[in-house]
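Chains as they are written, first to last, in the numbering used here: chain A, 239 to 641; chain B, 239 to 641.
Hints were generated in silico from the structure; no laboratory data involved. Mixed in with the good hints, there may be bad ones.
When chains are identical, the list treats them as one kind, so a pair holds in a single copy or across two.
[Stated by the list, open to error] Cross-link-like lysine-lysine pairs, in silico, DSBU-like; alpha carbons within 30 Å at most:
#, residue 1, residue 2
1, Lys-299, Lys-286
2, Lys-604, Lys-294
3, Lys-286, Lys-557
4, Lys-287, Lys-299
5, Lys-286, Lys-266
These numbers come from a predicted model, not from an experiment.
In case you want the letters, here they are:
Protein chains: 2
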Amino acid sequence: MSFPEQKLSQVTRSMGVSFIREMLRATKGIEGMISLAGGLPSPDSFPKKQLAALFKEVVEKEGTDVLQYGASEGDDILKEQILRVEKEGAVSKEEILITDGSTNGIYFFARALINPGDVVICEGPSFNGTLVAIEACGAELDALPMDEEGLRVDLVRETIVSRQNAGHTVKFIYTIPEFQNPSGRTMSLARRRELIRVARELGVFILEDQPYRDLRFMGGRIDSLWNIARAEYGDDETVTICKSFSKILGPGLRLGFAVGPAGLIAAMAKWAQKVIVSPEGVVQRVVARFLERNMLEPHIERITGMYREKREIMISSLKDTMPPSIRWTEPEGGLFVWLTCPESFDTDALFHEAAKAGVAYIPGSKFYPSAVARKNEIRLNFSYAKPADLREGVARLAKILKR
Amino acid sequence: MSFPEQKLSQVTRSMGVSFIREMLRATKGIEGMISLAGGLPSPDSFPKKQLAALFKEVVEKEGTDVLQYGASEGDDILKEQILRVEKEGAVSKEEILITDGSTNGIYFFARALINPGDVVICEGPSFNGTLVAIEACGAELDALPMDEEGLRVDLVRETIVSRQNAGHTVKFIYTIPEFQNPSGRTMSLARRRELIRVARELGVFILEDQPYRDLRFMGGRIDSLWNIARAEYGDDETVTICKSFSKILGPGLRLGFAVGPAGLIAAMAKWAQKVIVSPEGVVQRVVARFLERNMLEPHIERITGMYREKREIMISSLKDTMPPSIRWTEPEGGLFVWLTCPESFDTDALFHEAAKAGVAYIPGSKFYPSAVARKNEIRLNFSYAKPADLREGVARLAKILKR
Numbered sequence: 239m240s241f242p243e244q245k246l247s248q249v250t251r252s253m254g255v256s257f258i259r260e261m262l263r264a265t266k267g268i269e270g271m272i273s274l275a276g277g278l279p280s281p282d283s284f285p286k287k288q289l290a291a292l293f294k295e296v297v298e299k300e301g302t303d304v305l306q307y308g309a310s311e312g313d314d315i316l317k318e319q320i321l322r323v324e325k326e327g328a329v330s331k332e333e334i335l336i337t338d339g340s341t342n343g344i345y346f347f348a349r350a351l352i353n354p355g356d357v358v359i360c361e362g363p364s365f366n367g368t369l370v371a372i373e374a375c376g377a378e379l380d381a382l383p384m385d386e387e388g389l390r391v392d393l394v395r396e397t398i399v400s401r402q403n404a405g406h407t408v409k410f411i412y413t414i415p416e417f418q419n420p421s422g423r424t425m426s427l428a429r430r431r432e433l434i435r436v437a438r439e440l441g442v443f444i445l446e447d448q449p450y451r452d453l454r455f456m457g458g459r460i461d462s463l464w465n466i467a468r469a470e471y472g473d474d475e476t477v478t479i480c481k482s483f484s485k486i487l488g489p490g491l492r493l494g495f496a497v498g499p500a501g502l503i504a505a506m507a508k509w510a511q512k513v514i515v516s517p518e519g520v521v522q523r524v525v526a527r528f529l530e531r532n533m534l535e536p537h538i539e540r541i542t543g544m545y546r547e548k549r550e551i552m553i554s555s556l557k558d559t560m561p562p563s564i565r566w567t568e569p570e571g572g573l574f575v576w577l578t579c580p581e582s583f584d585t586d587a588l589f590h591e592a593a594k595a596g597v598a599y600i601p602g603s604k605f606y607p608s609a610v611a612r613k614n615e616i617r618l619n620f621s622y623a624k625p626a627d628l629r630e631g632v633a634r635l636a637k638i639l640k641r
Numbered sequence: 239m240s241f242p243e244q245k246l247s248q249v250t251r252s253m254g255v256s257f258i259r260e261m262l263r264a265t266k267g268i269e270g271m272i273s274l275a276g277g278l279p280s281p282d283s284f285p286k287k288q289l290a291a292l293f294k295e296v297v298e299k300e301g302t303d304v305l306q307y308g309a310s311e312g313d314d315i316l317k318e319q320i321l322r323v324e325k326e327g328a329v330s331k332e333e334i335l336i337t338d339g340s341t342n343g344i345y346f347f348a349r350a351l352i353n354p355g356d357v358v359i360c361e362g363p364s365f366n367g368t369l370v371a372i373e374a375c376g377a378e379l380d381a382l383p384m385d386e387e388g389l390r391v392d393l394v395r396e397t398i399v400s401r402q403n404a405g406h407t408v409k410f411i412y413t414i415p416e417f418q419n420p421s422g423r424t425m426s427l428a429r430r431r432e433l434i435r436v437a438r439e440l441g442v443f444i445l446e447d448q449p450y451r452d453l454r455f456m457g458g459r460i461d462s463l464w465n466i467a468r469a470e471y472g473d474d475e476t477v478t479i480c481k482s483f484s485k486i487l488g489p490g491l492r493l494g495f496a497v498g499p500a501g502l503i504a505a506m507a508k509w510a511q512k513v514i515v516s517p518e519g520v521v522q523r524v525v526a527r528f529l530e531r532n533m534l535e536p537h538i539e540r541i542t543g544m545y546r547e548k549r550e551i552m553i554s555s556l557k558d559t560m561p562p563s564i565r566w567t568e569p570e571g572g573l574f575v576w577l578t579c580p581e582s583f584d585t586d587a588l589f590h591e592a593a594k595a596g597v598a599y600i601p602g603s604k605f606y607p608s609a610v611a612r613k614n615e616i617r618l619n620f621s622y623a624k625p626a627d628l629r630e631g632v633a634r635l636a637k638i639l640k641r
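With the rest of the complex left out, here is chain A (with noise of 0.2 Å):
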């Protein structure tokens, strides 16, 4: 029996298919593709061994405390470390919420913030997932362009007036300033006072989103909006940080942590004591253990030397093969290179011809909303695949782009 899809609630029913999971799905187990598609950290990234010691271990010794049910906040161990460890300024365990990954802390956050026709401004293009975790919340996108030094804040304060003037409600700005998803592209210092400066101005919140921050391969690191914000205006409201450990250690922990005003995460804990009642108990601890005995500096400098490496056979295949009309953007960190072709390229149709000859990418459009999609661009990951694959993969997108 087929269920009655009348019967499904309106805002379901309007959920679209995710393009790039049937596409991962279309070109997965295909003997020789090489997949250049999704955003997976390597498997030679996660530390098993040292996790499942730990695992062990928090499981016998603390297994009464951590099996037990736990506060829908997070574990305050957890959040002790994540005090001590992190470098983005001090805060309270009050301004830190434990999220099931970045993603559902992006989700509590609108819950927590959006009225159905509240509008978000983002980033065009933007990571797919986290933009239908906020539509699905009843938000409205405006997707504005990047350049180089990421997010056009003159077009964000442009947008945001003109919303305003309409009656709209423009609730908060999306961004993911360090090492874009999918641009690679990082938000210059210069850019992000000014990005606060236009939201402190107009009232607008900012959801910093930062999955990749501590993958930085080469550069200076550039403070992050709220430590800006707090540091340069005493301003603890504007910006709330979502990261992520999936990055670092593992996306099947499915862990993260949002910090925020301590009214917004509060708000934010409503939400999660419904939706998930609680982080998981095991990992949090594994996680907080982890952090405590300092193997995360060692890990880091472990896997930002891998990813460096793959970075730069990427790039330097990219220079050998591409055709000049072919620009790239060269990321200081993060996972994906971002291919810009002329504008005559349709990389939606191209994807089909690429699949057959044995490489997998996604088209850039699939990061935008529809009707702002753009048909020429194209996102390469180089965190998954073997440095021989990224090699080979590369060269042959590049006989694809070249016809």
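Use these hints to put chain B onto chain A, whose structure you have.
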């Protein structure tokens, strides 16, 4: 700086603080306090040793898989084991969604179906934690009374008909048929059949919440609603069942699953993708291996033995100490006994007196929508306190209720 309340979404602003959580907090850590209040499993019920060994093994041997991104629908290997072990009749993997505990499944179920203003029928009293999750999705709740056989289906029918005549959409009936929280009551087989007939006739779904189903200490197992619907009507659409490993292996694991019509499970998975991306990978595989190695059955035998004894202690203590005007349920399983005092009692007010006397409970009023709340009832938990404390706690409470 305190966060401006008016910036929060309307739904978030309307969410109350959880009185139960506040009460638990207020009585926690007080010297000599015996808590019969929470719904916590006994820490002695956690299979720590087995889990510790499995966590280590799974991360070591399967870390590449379980630490990576997984399916929003849940781990296939865990689904296979659920199909093999669960005694609810065979289903396919497409009818299973792995969730972050039972509440999480209930939330996705409500999101998949509820449009703002839709009506949901529930038992009065019922578990507040899930009611607020359903309300957060915009549903209006009609709480209907139970008798010794469970939910009064005659009133369910009447209410649905009158709601439908008034132009309202009644989306589903939410029931905890086994060892209900808070009443400890179990719905009879005849009543289950009647409920399914009414739901089918009037085009309303049933959400069957079964967190305690496997904690039966005595009496014969009764078929689940979804099994009856399938076996007797060939109906695989009306009922969705949510189960949980919380009361079996430990609530800190945050692991449960829903079984229902494939189309609805797919819609719930769309929400899972946006809200949590996927359930936690390591925990899913650990529980899969626990089931695969047939560790579940002997474990359940052990803990039901332990809880049977605790239930006996509580019931016999009630018999020994309570005044004749007080009645209570004698549940065949689960975690709770439900006391009914004479109408003149106000157990909200008595809570503070009891706390001073060193015993905590949850006033019955907390399990009703405030409009229909009854003040003369009490929920007592027998799973958490040690045997001697169960006796002493009941005795302390009896003294208060005798006055």
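Hint check results:
1. Taking the shortest alpha-carbon separations for Lys-299 and Lys-286, both the intra-copy value of 20 Å and the inter-copy value of 9 Å come in at or below 30 Å.
2. Proximity of Lys-604 and Lys-294 under a CA criterion of 30 Å is satisfied in neither setting, with 41 Å inside one chain copy and 39 Å between copies.
3. Within a single copy, Lys-286 and Lys-557 get their C-alpha atoms no closer than 35 Å, and across copies no closer than 54 Å, so neither meets the 30 Å cut-off.
4. When the C-alpha separation of Lys-287 and Lys-299 is checked against a cutoff of 30 Å, the pair qualifies both within a copy, at 18 Å, and between copies, at 10 Å.
5. Only within a single protomer do Lys-286 and Lys-266 lie at most 30 Å apart by alpha-carbon distance; the minimum there is 24 Å, versus 37 Å between protomers.
Hints 2 and 3 from the earlier list are contradicted by this structure; the remaining hints agree with it.
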